[in-house]
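Protein chains: 2
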Amino acid sequence: MTAPAFSAWTQEVQLEVERALDAFLPPATAVPHKLHEAMRYTTLGGGKRVRPLLAYAAGALFGADAAALARVAGAVEMIHVYSLVHDDMPCMDDDALRRGKPTVHVAYDEATALLVGDTLQAQAFEVLAGADLPPARLVQMMRLLAQAAGSAGMCGGQAIDLDSVGLALKREELERMHQLKTGAMLRVSVVLGALAGRDLAADELQALDKYSAAVGLAFQVVDDVLDATADSATLGKTAGKDAADNKPTYVSILGLEPSRALAEQLRREAHDALAPFGDNAQRLRELADLIVQRKA
Amino acid sequence: MTAPAFSAWTQEVQLEVERALDAFLPPATAVPHKLHEAMRYTTLGGGKRVRPLLAYAAGALFGADAAALARVAGAVEMIHVYSLVHDDMPCMDDDALRRGKPTVHVAYDEATALLVGDTLQAQAFEVLAGADLPPARLVQMMRLLAQAAGSAGMCGGQAIDLDSVGLALKREELERMHQLKTGAMLRVSVVLGALAGRDLAADELQALDKYSAAVGLAFQVVDDVLDATADSATLGKTAGKDAADNKPTYVSILGLEPSRALAEQLRREAHDALAPFGDNAQRLRELADLIVQRKA
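The listed protein sequences derive, respectively, from chains X and D. Residue numbering for the first sequence follows my numbering, beginning at 1049 and increasing consecutively. Residue numbering for the second sequence follows my numbering, beginning at 1049 and increasing consecutively.
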C-alpha cells in the first residue's frame, strides 16, 4: 500500500485534529456556557493546524498511535490558540480579525478573551496528561511543553517582541525573538509527536532539533513576507500590521527578495537534517515545503 | 521531640516557600528582564501562602519529603498568583492594590500583566513536572492541577463570577461559584501535598475532600466578612470592593452575623473530617482555625 498523497494526508490530519479538539473541549452546554462557547468559537473550525501537522508527521516517523497523537496535537494547538487570543487583545496587538473571524475580545469581550486563553492553557496540560503513554516519558513530555510555553519559550519571545517595538533590532536579535516566540512551540510539536511513538536517542533528537530550527525560522520569514505582500482576505488576519506597528521583520531588515531566498535556504536545511531518517521522514519533508511555499 | 508551635511552623513554611519560589522563578538578570522582574515582583515577598501551607500540612500527614513539597507548593502558589494578576487587570476587577503593593498592570503595564500571568501558569506545570516522585503518581498530580486550574475549577468559577455581576444569586449558586473559583485550588493543594507523600486510599481521599470543601467554603465566607468589615490597609487590597462592584457575597445574602456563624460551623466540619487521621492531622486542624479566625 502506498501512502496517500500529501494533500490528502494533511486534510485527513486536519479532520482528525478537529474531531479531537471538539472532544477535548468542554461542551458549550456545560456551565459556564459563555466561556465554553468562546473556547469552541476560537479553537474549532479554522487554522492551518501547522503544529498538529508537525506532531503527526513526526509521530508517523516513530510509530506513534493515533490516540496519543491526538492528545499531543490537541495540547499544542490549544497552547497556540490561547496565545493568539491573548496576543490579539487590545493591550497587546489589538487585532480585530483572526482566521477570518472577529477575535474573541471583539466577538465576546476582553474579560472572556482573557479567561478563554487562561483556560485553554490549563486544558492543554490536562489533555496531554490523559495520554496513554509510559508515565516517565509522559512527565518528560509535559515538562517540555511547559518549557516551550513559558518564559524560555513562547511567552519569553512575546515579551521580547513587546520590548522591541520601535527598536532597530539586529538580525540575530530578531532571530532569537522568533526562536522563542514561534520556534519553541513548533519544535516541541515535532518532539512531542516523536515521543508519542517511543523514547528518542540523542542523535535522533538532535536531527529533529535541526529540522525544527530551520522550519521554525522559515515559518517566521514566510510570515513576514506574506504580511508585506498578501491581503487581509487571503491571510484571514490583518495584513501589513507589522509595518503599521513599526515592528522589525525579516522584510524590513533584509528586504523582500533576500527574505524569500532565506526561506528557500532554510527549506533545504530542513531537508538535509532529515537525511538520517530516509524515506520515512517524507511527511516532515513535505511539511517543510508547505510551510515555505504557502500563500497564507 | 515535640512539634514546633503552629505559628513557628507557619513561619518556617512561609520562609521555605519564599526560598523555593525564588529558586523556581527565572532570575531577573535573564532575558526578557522586564517579564522576569515583574514575575518576581508579584510572586515574592508577600501573600499568606494559604495554598502552600495546606500542601505542607497535608504532606506532613503522609510523610512527604521537603523537596517534593516545595515543588507542589511552588506550583499551586504560581497558579494562584497568576490568577490574581489577571483578575486585577482593568478588563476584570480593575484593582490597583494587591498584597499592599501596586498591582502588576499598574506597576508595569497591561501587556506585561497579561504575560506575567500566562508565564506563571506554564511555570507552575514545569515546576511540578520536575518533582522527584514516581512518574505515574506525578502524571496524576499534573492532571489534577490542570483540572483545578481550568474550566472545571478556578477559571470556570471566575467565568461564573463575571456572569453574576449584578445578578441576585441564590446561596447554592454562590456556593457553586466559590467551589470552583477558590475551592478547587485549595482542594488540590491539600491533595497534591498528600500525594507528594504517597498514593492515597479512596477513604483517605474522601476525608481530605470533606476537609477541603469545608475549609474552602469557610475561606470564602471569611473573605466576604473581612471585605465588609476590615479596611484596605489591613487587607492589603481594596476593601468594600464587592459591595461597590455589586457582587453577591455571603454577607449580602445571609447577613454579617449568620456569615460568621457559618464560618464557625464549617471550621467544626473541617475538624470532624480529619477524625480518622488522629493527632497527625494537627497542622490541618490548626490551618482550618487560622483560615476562619484570620483578620486579613
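Any given hint might turn out to be false.
Cross-link-like lysine to any residue pairs, in silico, SDA-like; alpha carbons within 20 Å at most [unchecked claim]: (1) 1082/X - 1211/D; (2) 1082/D - 1211/X; (3) 1218/X - 1218/D; (4) 1218/X - 1081/D; (5) 1096/X - 1156/X; (6) 1295/X - 1158/D; (7) 1343/X - 1082/X; (8) 1295/X - 1212/D; (9) 1218/X - 1303/X; (10) 1343/X - 1327/X; (11) 1082/X - 1195/D; (12) 1082/D - 1213/X; (13) 1082/X - 1079/D; (14) 1082/D - 1214/X; (15) 1218/D - 1079/X; (16) 1295/X - 1082/D; (17) 1295/D - 1213/X; (18) 1096/X - 1213/X; (19) 1082/X - 1212/D.
Simulated coverage check for chain D against chain X, where a stretch passes if three residues somewhere in it have a Cβ under 8 Å from a Cβ of chain X [claimed, not checked]: (20) 1080 to 1088; (21) 1116 to 1123; (22) 1136 to 1145; (23) 1252 to 1258.
Just so you know, these hints were derived from the structure itself, not from any lab. Each residue gets a CB set at the ideal place from its N, CA and C atoms; glycine is no exception.
Outcome of the hint check:
no. : hint            : result
1   : 1082/X - 1211/D : 9 Å, holds
2   : 1082/D - 1211/X : 9 Å, holds
3   : 1218/X - 1218/D : 59 Å, violated
4   : 1218/X - 1081/D : 18 Å, holds
5   : 1096/X - 1156/X : 23 Å, violated
6   : 1295/X - 1158/D : 19 Å, holds
7   : 1343/X - 1082/X : 34 Å, violated
8   : 1295/X - 1212/D : 40 Å, violated
9   : 1218/X - 1303/X : 14 Å, holds
10  : 1343/X - 1327/X : 27 Å, violated
11  : 1082/X - 1195/D : 19 Å, holds
12  : 1082/D - 1213/X : 14 Å, holds
13  : 1082/X - 1079/D : 37 Å, violated
14  : 1082/D - 1214/X : 17 Å, holds
15  : 1218/D - 1079/X : 16 Å, holds
16  : 1295/X - 1082/D : 19 Å, holds
17  : 1295/D - 1213/X : 39 Å, violated
18  : 1096/X - 1213/X : 27 Å, violated
19  : 1082/X - 1212/D : 12 Å, holds
20  : 1080 to 1088    : holds (count 5)
21  : 1116 to 1123    : violated (count 0)
22  : 1136 to 1145    : holds (count 3)
23  : 1252 to 1258    : violated (count 0)
Of the numbered hints stated above, those contradicted by the structure are hints 3, 5, 7, 8, 10, 13, 17, 18, 21, 23, listed in ascending order.
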